[in-house]
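Enquirer: Residues per chain are reported as follows:
Number of protein chains: 2
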Amino acid sequence: MKVAILGGTGDQGLGLAMRFAMNEANEVIIGSRKEEKAIEAAKEAMERLSTVQSKDTKNISINAMTNLDAAKEADVVLLSLPFEYTISTLKDLKDALKGKIVVSLMVPLASAFGDKPTRVITCPQGSVAEMVQAYLPESTVVSGFHNVCHKCLCDLENPINCDVLIAGDDKEANKTVVELANTINGVNGIDCGKLEISRYIEQITPLLVQLNIKYKAKGTGLRITGLEGKL
Amino acid sequence: MKVAILGGTGDQGLGLAMRFAMNEANEVIIGSRKEEKAIEAAKEAMERLSTVQSKDTKNISINAMTNLDAAKEADVVLLSLPFEYTISTLKDLKDALKGKIVVSLMVPLASAFGDKPTRVITCPQGSVAEMVQAYLPESTVVSGFHNVCHKCLCDLENPINCDVLIAGDDKEANKTVVELANTINGVNGIDCGKLEISRYIEQITPLLVQLNIKYKAKGTGLRITGLEGKL
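So the sequences go chain by chain: A and W.
FYI, the numbering for the first sequence is 1 to 231, going by my numbering.
FYI, the numbering for the second sequence is 232 to 462, going by my numbering.
Simulated from the structure, these hints should not be mistaken for lab results.
Some hints could be false.
Said to hold, decoys possible - Derived pair list, reagent style SDA-like, types lysine to any residue, alpha-carbon separation capped at 20 Å:
#1 K43/A x R33/A
#2 K214/A x K445/W
#3 K425/W x R33/A
#4 K218/A x E304/W
#5 K171/A x E196/A
#6 K425/W x R119/A
#7 K406/W x Y215/A
#8 K265/W x N290/W
#9 K214/A x K425/W
#10 K214/A x K265/W
#11 K449/W x K43/A
#12 K214/A x L387/W
#13 K445/W x L231/A
#14 K322/W x R350/W
Said to hold, decoys possible - For each label pair, taking beta carbons as the anchor points, the in silico distance ranges come out as:
#15 G126/A x R279/W: 48 to 54 Å
#16 G114/A x K329/W: 55 to 61 Å
#17 N158/A x E278/W: 45 to 51 Å
#18 E73/A x D400/W: 20 to 26 Å
#19 E369/W x Q53/A: 39 to 45 Å
#20 G229/A x E410/W: 54 to 60 Å
#21 D169/A x K325/W: 43 to 49 Å
#22 S50/A x K406/W: 46 to 52 Å
#23 E410/W x E138/A: 52 to 58 Å
#24 P82/A x K425/W: 22 to 28 Å
#25 D400/W x G126/A: 26 to 32 Å
#26 T282/W x G126/A: 42 to 48 Å
#27 N416/W x I39/A: 50 to 56 Å
For clarity, every value in this text was computed on a predicted model and none was experimentally measured.
The beta carbon of each residue, even a glycine, is placed where N, CA and C say it ideally should be.
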């Protein structure tokens with residue numbers, strides 16, 4: 001799958017880029033506002049990947065482009081943007097994202113406005129993913145990858161102990177994103193149904209942030225139980 | 232622990248009553264608006280418990296009282312009420328609940344008002360638990376037990392595959408409720424911190440309801456990962 005991560009220079013984006021790149025099913029592009037920042041991040045990712053003992057990393061490559069070029073190039077475009085800059089970033093990308101699967105990773109943490117990361121603000125549409133879909137009516141928005149901690153993503157020697165909860169109004173697009181999630185070692189992609197379910201998925205992140213702080217944990221995650229044999 | 236379950240005749244309340252009663256550390260009281268309904272529920276619970284093969288059920292007993300008497304009698308009082316009747320039920324119990332640990336199990340599912348159980352309404356205080364605390368300023372409110380499915384609770388032969396997330400502003404009270412949760416076979420009680428965190432805990436239930444419907448699952452639950460050795 002040709003997948004771009006816009007805002008791929010951040011912790012979460014870079015971690016996902018490396019994890020996707022570790023699976024030969026994926027072609028990965030890191031996008032950034034400035035091309036040189038994307039190139040720098042891709043270089044860092046390649047260096048970190050070269051240290052992975054358990055994997056033949058000879059043939060892994062990660063491309064680097066501006067957000068706009070990455071959006072044009074990829075089939076699936078992940079948005080890993082600071083929540084407060086979501087809409088302003090999308091302004092220039094709207095046309096390039098037409099007809100594409102756009103995956104919304106943002107969580108409306110109140111830290112974006114100087115309050116705590118254990119609090120959220122409420123988007124008028126109910127969730128960030130619904131806000132993005134409203135702004136990009138000609139794209140297919142899928143919500144996912146909010147709850148996988150970046151430290152775990154970057155700990156490349158170990159599998160991820162977290163499910164990736166996915167929501168969206170287009171069943172085929174959800175299926176594609178579940179498949180993408182499942183290319184990460186240890187991850188279980190779960191299609192949760194309609195995009196509005198993203199309200200609950202996004203709000204799991206502040207709970208995990210709270211547990212990370214309270215228990216000084218590297219990175220908490222979650223597993224859904226009771227779906228054995230049903231996915 | 233002497234624990235009362237008000238609204239203990241409902242599915243969730245009855246399931247919890249049976250599970251608590253299976254551990255000899257607990258004395259269980261089922262409360263109901265009408266005493267005869269509580270007696271009926273306790274009888275049903277005792278009958279179901281007598282069928283459990285894996286357990287010596289000779290000495291298990293469950294008491295039955297009106298909600299008011301149960302509130303007076305117990306040390307820890309669980310509220311397992313229909314969300315929309317929470318405040319009207321508490322009106323007569325306010326005095327009896329003074330100085331007690333009151334555990335809020337309610338989730339503000341929109342089904343209370345004829346909409347879907349995969350949607351929630353927003354309480355003015357942010358969560359039901361915070362609403363209950365505001366109404367009972369002289370009680371210590373702890374939020375918990377929202378996400379354990381009643382079908383799993385009633386399937387007495389099998390352990391529960393779900394964590395119980397707990398939140399409250401009084402650390403000692405949280406600890407007590409974590410201990411109570413841990414008396415249930417398979418459950419892992421997790422203190423998540425301040426009562427306001429209940430906002431996120433309560434909103435996991437509509438997500439699990441959605442997964443139950445989508446995948447025709449008996450009962451989904453969740454496990455928090457990344458806290459191994461830290462609880």
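Enquirer: For each hint, tell me whether it holds in the structure or not.
Expert: For each hint, the structure was consulted:
Distance restraint check for K43/A and R33/A: the Cα-Cα separation of roughly 16 Å lies within the 20 Å cut-off, and the hinted pair is therefore satisfied. Distance restraint check for K214/A and K445/W: the Cα-Cα separation of roughly 34 Å exceeds the 20 Å cut-off, and the hinted pair is therefore not satisfied. With a CA separation close to 38 Å, the supplied pair K425/W and R33/A exceeds the 20 Å bound. With a CA separation close to 43 Å, the supplied pair K218/A and E304/W exceeds the 20 Å bound.
Restraint check for K171/A and E196/A: the C-alpha separation of about 14 Å stays at or below 20 Å, so the hint holds. For the suggested pair K425/W and R119/A, the alpha carbons sit about 12 Å apart, so the restraint of at most 20 Å is met. Between the alpha carbons of K406/W and Y215/A the distance comes to roughly 15 Å, so the proposed pair stays at or under 20 Å and holds. Simply put, K265/W and N290/W have alpha-carbon atoms about 26 Å apart, too far for the 20 Å limit, and the pair is violated.
With a C-alpha separation of about 10 Å, the suggested pair K214/A and K425/W falls inside the 20 Å cut-off, and the hint holds. Proximity of K214/A to K265/W is assessed by CA-CA distance (about 42 Å); at most 20 Å being required, the pair is judged violated. For the given pair, K449/W sits about 47 Å from K43/A by alpha-carbon distance, which is inconsistent with the 20 Å threshold. The suggested pairing of K214/A with L387/W is violated, with an alpha-carbon distance near 33 Å, which exceeds 20 Å.
Distance check on the hinted pair: K445/W and L231/A sit about 10 Å apart at the alpha-carbon level, within 20 Å; holds. Proposed proximity of K322/W and R350/W is contradicted: the alpha carbons are some 27 Å apart, above 20 Å. Evaluation of the 48 to 54 Å hint for G126/A and R279/W yields a failure: the beta carbon distance comes to about 40 Å. At roughly 38 Å, the beta carbons of G114/A and K329/W sit outside the given window of 55 to 61 Å.
Between N158/A and E278/W the beta carbons are some 48 Å apart, a value that agrees with the proposed interval 45 to 51 Å. One distance hint, 20 to 26 Å for the beta-carbon pair E73/A and D400/W, is violated here, with the actual separation near 51 Å. At roughly 59 Å, the beta-carbon separation of E369/W and Q53/A lies outside the given 39 to 45 Å, and the hint is violated. For G229/A paired with E410/W, a C-beta distance near 34 Å fails the hint of 54 to 60 Å.
One distance hint, 43 to 49 Å for the beta-carbon pair D169/A and K325/W, holds here, with the actual separation near 45 Å. A C-beta distance of roughly 47 Å is found between S50/A and K406/W, which places it inside the suggested range of 46 to 52 Å. In this structure the supplied range 52 to 58 Å holds for E410/W paired with E138/A, their Cβ-Cβ distance being about 54 Å. In this structure the hint that P82/A and K425/W lie 22 to 28 Å apart at CB holds, the actual value being about 26 Å.
Hint check: D400/W to G126/A, Cβ distance near 28 Å, so the stated range 26 to 32 Å holds. In this structure the supplied range 42 to 48 Å holds for T282/W paired with G126/A, their Cβ-Cβ distance being about 44 Å. Here the CB-CB span from N416/W to I39/A is close to 55 Å, well matched to the stated 50 to 56 Å.
Violated hints for the displayed structure, listed by number in ascending order: 2, 3, 4, 8, 10, 11, 12, 14, 15, 16, 18, 19, 20.
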